[in-house]
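> Residue numbers (our numbering), protein chains in the order written: chain A, 529 to 971; chain B, 529 to 971; chain C, 529 to 971; chain D, 529 to 971.
Keep in mind that the hints were calculated from the coordinates and are not lab data. Be aware that one or more of the hints could be misleading.
Distance condition first, Cα-Cα at most 30 Å in a straight line; then the derived DSSO-like pairs of lysine-lysine [claimed, not checked]: (1) D/K725 / D/K866; (2) A/K699 / D/K866; (3) C/K699 / B/K699; (4) B/K651 / B/K898; (5) A/K898 / D/K969.
Sample of chain D residues facing chain C (criterion: CB under 7 Å; computed from the structure) [stated by the list, open to error]: (6) R592; (7) A842; (8) E927; (9) P930; (10) S933; (11) L934; (12) A967.
Since this is a predicted model, take the numbers as computed values, not measurements. Beta carbons are placed, not taken as given, at the ideal position from N, Cα and C, and that holds for glycine.
Number of protein chains: 4
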Amino acid sequence: LDALFRDPEMVAIFSPDATVRRMLKFEAALARAEARAGVIPVTAATAIVTACETVTFDAGELFRDAVSSGTPVIPLVRLITEHAANDATAFVHMGTTSQDTIDTAIVLLMRDGINLLVASLGKISIEAARLARDHRHTLMAGRTLLQQAVPITFGLKAARWLHTTIHLNQKLITLRTETLAIQFGGAAGTLAALGAKGPEVATLLAEELDLPEPLLPWHAERERIAEVATTMGIVAGSMAKIAADLTLLQQSEIAEISPGSDSSRGGSSAIPQKRNPVDATLTTAAARLAIGDVTAILNSMAHAHERAPGEWQAEWEAIANLFSHTASAVNHVQTAIKNLVVNDSNMRTNLNSSGGIVMAESISTALAEKIGRQDAFRLTQEIVQTAVSEGIGFRDAFESNPRASLLLTTSEINRAFNPAAYLGSTDVFIDRVLANFDALKDQ
Amino acid sequence: LDALFRDPEMVAIFSPDATVRRMLKFEAALARAEARAGVIPVTAATAIVTACETVTFDAGELFRDAVSSGTPVIPLVRLITEHAANDATAFVHMGTTSQDTIDTAIVLLMRDGINLLVASLGKISIEAARLARDHRHTLMAGRTLLQQAVPITFGLKAARWLHTTIHLNQKLITLRTETLAIQFGGAAGTLAALGAKGPEVATLLAEELDLPEPLLPWHAERERIAEVATTMGIVAGSMAKIAADLTLLQQSEIAEISPGSDSSRGGSSAIPQKRNPVDATLTTAAARLAIGDVTAILNSMAHAHERAPGEWQAEWEAIANLFSHTASAVNHVQTAIKNLVVNDSNMRTNLNSSGGIVMAESISTALAEKIGRQDAFRLTQEIVQTAVSEGIGFRDAFESNPRASLLLTTSEINRAFNPAAYLGSTDVFIDRVLANFDALKDQ
Amino acid sequence: LDALFRDPEMVAIFSPDATVRRMLKFEAALARAEARAGVIPVTAATAIVTACETVTFDAGELFRDAVSSGTPVIPLVRLITEHAANDATAFVHMGTTSQDTIDTAIVLLMRDGINLLVASLGKISIEAARLARDHRHTLMAGRTLLQQAVPITFGLKAARWLHTTIHLNQKLITLRTETLAIQFGGAAGTLAALGAKGPEVATLLAEELDLPEPLLPWHAERERIAEVATTMGIVAGSMAKIAADLTLLQQSEIAEISPGSDSSRGGSSAIPQKRNPVDATLTTAAARLAIGDVTAILNSMAHAHERAPGEWQAEWEAIANLFSHTASAVNHVQTAIKNLVVNDSNMRTNLNSSGGIVMAESISTALAEKIGRQDAFRLTQEIVQTAVSEGIGFRDAFESNPRASLLLTTSEINRAFNPAAYLGSTDVFIDRVLANFDALKDQ
Amino acid sequence: LDALFRDPEMVAIFSPDATVRRMLKFEAALARAEARAGVIPVTAATAIVTACETVTFDAGELFRDAVSSGTPVIPLVRLITEHAANDATAFVHMGTTSQDTIDTAIVLLMRDGINLLVASLGKISIEAARLARDHRHTLMAGRTLLQQAVPITFGLKAARWLHTTIHLNQKLITLRTETLAIQFGGAAGTLAALGAKGPEVATLLAEELDLPEPLLPWHAERERIAEVATTMGIVAGSMAKIAADLTLLQQSEIAEISPGSDSSRGGSSAIPQKRNPVDATLTTAAARLAIGDVTAILNSMAHAHERAPGEWQAEWEAIANLFSHTASAVNHVQTAIKNLVVNDSNMRTNLNSSGGIVMAESISTALAEKIGRQDAFRLTQEIVQTAVSEGIGFRDAFESNPRASLLLTTSEINRAFNPAAYLGSTDVFIDRVLANFDALKDQ
């Protein structure tokens, strides 16, 4: 089922194979750092690096071996040691511990994962910017609690999606530069096995891996992991919001968007006419799964003492799932938005569907200039009531209302019933977000 | 990482391959039912059944194909149709819809999954019953809020584990017989494509699959799924409780149990002496992951109209994950309990570690018969205070207390300080649970 | 904000005051049971019972006092003791512990809470049964993934709501009779302070409180609590499903239901014409809150040893919140359904909105009898395509299709385009659920 | 129960009364901004501001009134209008909508809430810094998976707590300055009722409330809320980590800390000697509750269109609960750490409890210099095995090992068995965190 709710590229980044490769990368970088610090011989480091780069392994077998110790690092170190030249074997995994290897490997995976997400969200931004520009004037109903409220434009909706993706990307970039850092503390966070050389090795290790060095090891303090995890949850939740909009706009009776020209998408096994909102559907599903993973991680933050019996290990799978599900949500939104066809005539029809009732606030505002806001609000409600109870259009009801119709001139009435004239700051808002997008692109 | 937090047998039950096989089983059973009801020709049914039983498929490819429609049933029906004899092709998937196929397939998978769990929990029951019997008299400290309270026996603790597993198995069996049922409603729950034959086909389909027939289709009412999911969460949570006990008992300074004779288990990559509580650790991790999955399912219960765009699809992966994680938790507990070595002398040492202070309630109870409960409680607290502040044993403090020591005879004192004499209903409780276990075994 | 998302009656059941009253009820029942078992003097029991029944207290103060010990039972026992006649003071809270008092009090509260929920769900059942009966033939579109699929009736939708509430009530009743039980174990689950009298007192205590007696104390095994909690989550989730339907049906452009005649409900602070789906909205909100509480409880099941430092205490508030939120969801659904006005003409209009395209499966089924199912499916898709691309009605497209129009007679065509003739087992399903409802009512 | 799991100061900040006050603050600020922009008369603004500042209200009643419309803003606006001078009534709540009022009010509450949390976490920092300094050299066992690993110092553990609180506070401050912003969009995010004046009013409103102005309204894009909510969850989870440490260190058999001199804290209703870890217990409970609230918010991010029917409203209570629970967790940790008594002799005793076995890595490291790391690891394991199987101390086993004892000189042996000589970078790490703390204090 992976194909449906997990992004294949992200699954590849967090695959067992890739995870082992990142652990090997840590061990190699550590050997290099220790050689540079004079802790181990340069020749040993070279041999270990070679072993880490050339060793072949079966990741599945390695994780099955891990069941007996609870950590894949033990069979992995054995593997490197078997593979390394003789005089290097004594220096493999020197001064470190399973958690250093695994946490730092996961940090490296998360960095790759964040980079992939940033790129994917960037693609949504481009599409959303296009829609915001192209549909700046495409009128549609604004809907609150799924009731028509006042007119907006589809471009404004797209501008809001754009703003979300820009915002999320800025968060992700901050996360990548400020939250990700090496974990390196040895058996219980003191680097005791390295004597006085600990801090120097740590600095060099961070340099080798191009990651920041934290003030002290964070093995049992999981804020970093939780920050990444909850940010994924927020990305997924934001995608679910866009998916909700898309699904609702594509309802048979609303039909303001359609899923695009690729007619093979969205078919049904029973119903000939169906065009299901497949990408929005898969987004919603992937987002729910992602948020379940976040729950697991937040509830696993209470790491006992210097390493938790269970709360730590739960992260390994939860983080991999979380990135894969979040990336799937992002990619399905991107596909949906890229292919989406805007049915502007349906938008216009729906906007007018209740005989102009969506212009009630506009009318009320126009009347307010003549008779005050409260009186205007009440008068408007009365007209709405008439329209509803007599089953006539709101404009008809307005025009047949003896008091109201006299308060406004024909041109005022025309203007008050013109959705395009009641868009307030829509253009300003679209411009601001597009300008922000352009400014960031130029950086 | 699957090996660590997912039970391989359960992973096999919910594998993409097995999932497709269950969907094929549904389609075959449906063909048979429709033939029996006279809806399709018998020869067509035979051909479809043969096709379903002999068709070869690549489940991965099938699910990748499913991305464009959002459902694996479309490519699957195409596959069956291509594979079936010519005159049968018109009758494949007749009168039904994707959701019928998938929901019923998942019900079949869940039935297998529940059966596996019942067997695994049954194994824990056997081990827990053995421990309850063998350690009925093995004294240890009862601990509340991780403070020593009064003596209990290890047999009582095991009897509580036993009671939990018996209770969970009864819940699972009820679930299997009462909650699981076919889903069969056609395009939107009316079975319209079957005309008047819908109910008859439904009854025969249920018979073919040996599953109950519900009063009406449950496509958008997910109580059944949520009941199974939350029960999994409760099983996982109960395993986490046992794992917490095991982890705490195995602490270096407590050492009341050890993880057993298989010395390859629980080693460390850095620390020569480490014997980690590997199985309890993996239980805790798997349980956290399982409960995250439950969250996803409960938050996906609001299925819109006749089929949800996203909330339904999220279940597919969440259910598979949930069963695999829960089974992993169960199996790790079983391994842990089976191999566990009880260090009864350490239990006894810890019980006595604070110089008998764990017998304070016993002393207070003995004194109460002489001077009333409140006075006795206060006097005991005073003696406790003396013991703590003077750093002497509680019994020494008692004996040096001029008032208290005169209130009880030597034999009363000996009795009051004897943990084995202060076990209350321990034996009764153990007997009851063992009798319950034996009674259920005989059924 | 309580008024919006918490049911006031349920809030009253779980109020601090009522909670303290239930703890007093436990202490009184225990005194009676102990007197009957000869553990304490009858006069002492009488005095304690009187004290428990007449003592006045400030629940807020009592819980503030509880902060220093972590349990409200300590100040409560002090209060009873101060209030009881002199010779009874020694026997207050005899042989028991905080957890017995609190857990059993919560069980009593949950019993009341379940009774209230059963009554509230029963009211929904009555309304849903009425709707199922009255709208058995009210045609509307069945919608999957928010796309029109095939016709159903509003009565069928209501029958499904009815079935859900019946099912939930049966679950709640089972819970009340099978899961709720006294908790009585003393300091660490051995009832040691009662010597050999423990089991007898336990049996009498259960009798006094009219609750089952479990095989052994369940203090650290929280399956019971988790079963109640998850059932609440399932009730809440099921209400969210009904709320989703209501919200979607009430969309401005769909308008198949309206929230009823009470025009003060659902107004907007800005928009004169708004009639918001207030009750459905509050249901959805309350359900989300309820499910968050369930998460807290499932993640708190790993109770260490004989009493958990934190996981247990978290339940106290989570359970109270959960019942209040769930009851709010139930009551808002009840209000919504009771007041709901069915706009059957809109249902019919929407059903016909795409020029009969919702009858495509029906046409395909009719054609299949002439040219086989696959060919019919393809031909129907071709006609759908024509209708969509030429922007004409599906029936027009059908009639202009040279091949299709010749395959069916006029009366076959009329029948195939008649939604009322394409309802399959709708009536059977409605009848079954109504019969089930009537049968249960008669019990 | 509020007293136990909710911080009273935070409860006051988010009380119904305070919430209404913040809504009034928004309405007053809006009137001022609109007057400054020339949208409403200055006299009207003055009258509205006065009304908002002087109106008396019953918050409970107001929220009960809100049930019929789903929003407290309708009765609130009615109240202000009734209270305002006649010619101002027309200008109350002008150009805005419920969501603007409520979202901005919640932002103001969250700002206060964050300020309170920053102060509370700052107090933990001070205590943790004191402990880090005072116990820089206080030896104790580092424990991984609850097994003794290598020596650390209590100061290092406290330094890690310090680092966490510093880190969390920096996150909170960023949140306060970057994430919190006014919400102001009118009926559906266009500010249409203000014509061209929307942006100007928005800027002035932001100024009046001393909050940033976002690029565009964020009514249906809930990243901001989710960021605050998840940060609360991370704070709560971090507190749960400290609580876990405290609870484990205070176990009867470990007794490395005690809860301090206030002997009234932590008593038991049954057990005379009990000193329960009350504050750590309440922290754990409050954190679980907080994280449940986060779940509710993350699962409510998919806001439909321009305002969600349910997902939005769920936030109101969830946010208030979340802040109260999180603050409770923080305050209980602060109380616990402030009062905590360090039993350094018990730390030393436990460190030596297994006859020096915690020094195995140290010995192995010392031996490695003579015979290489692998051989040394194996030799050390052999000695550990001897110690365990013969039940003798590790040092005795070392000294009786014919090979090992010859490899090291007496002074090398003494050094290798000296925990204080095997602390690696402990001092460096403590210094770094203390320096970081001092640097931030000086800002």
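> All hints are to be evaluated individually against the structure, with a verdict given for each.
Checked hints:
With a C-alpha separation of about 54 Å, the suggested pairing of D/K725 with D/K866 is violated against the 30 Å cut-off. For the proposed pair A/K699 and D/K866, the alpha carbon gap of about 35 Å is over 30 Å, so the pair is violated. Between the alpha carbons of C/K699 and B/K699 the distance comes to roughly 12 Å, so the proposed pair stays at or under 30 Å and holds. Taken as a hint, the B/K651 and B/K898 pair is broken in the structure, with Cα atoms around 49 Å apart against an allowance of 30 Å.
With a CA separation close to 59 Å, the supplied pair A/K898 and D/K969 exceeds the 30 Å bound. Hint status for D/R592: holds, given a least beta-carbon distance of 4 Å to chain C, under 7 Å. Checking D/A842 against chain C by beta carbon gives a least distance of about 4 Å; that is within 7 Å, so the hint holds. Interface hint status for D/E927: violated, as the beta-carbon distance to the closest one in chain C is roughly 38 Å, over 7 Å.
Hint on D/P930 is violated. Least Cβ distance to chain C is approximately 44 Å, over the 7 Å limit. Checking D/S933 against chain C: minimum C-beta separation of about 41 Å lies over 7 Å; hint violated. The interface hint given for D/L934 is broken, as the beta carbon of that residue sits about 46 Å from the closest beta carbon of chain C, more than 7 Å. At its closest, the beta carbon of D/A967 sits 34 Å from a beta carbon of chain C; the interface hint therefore is violated under the 7 Å criterion.
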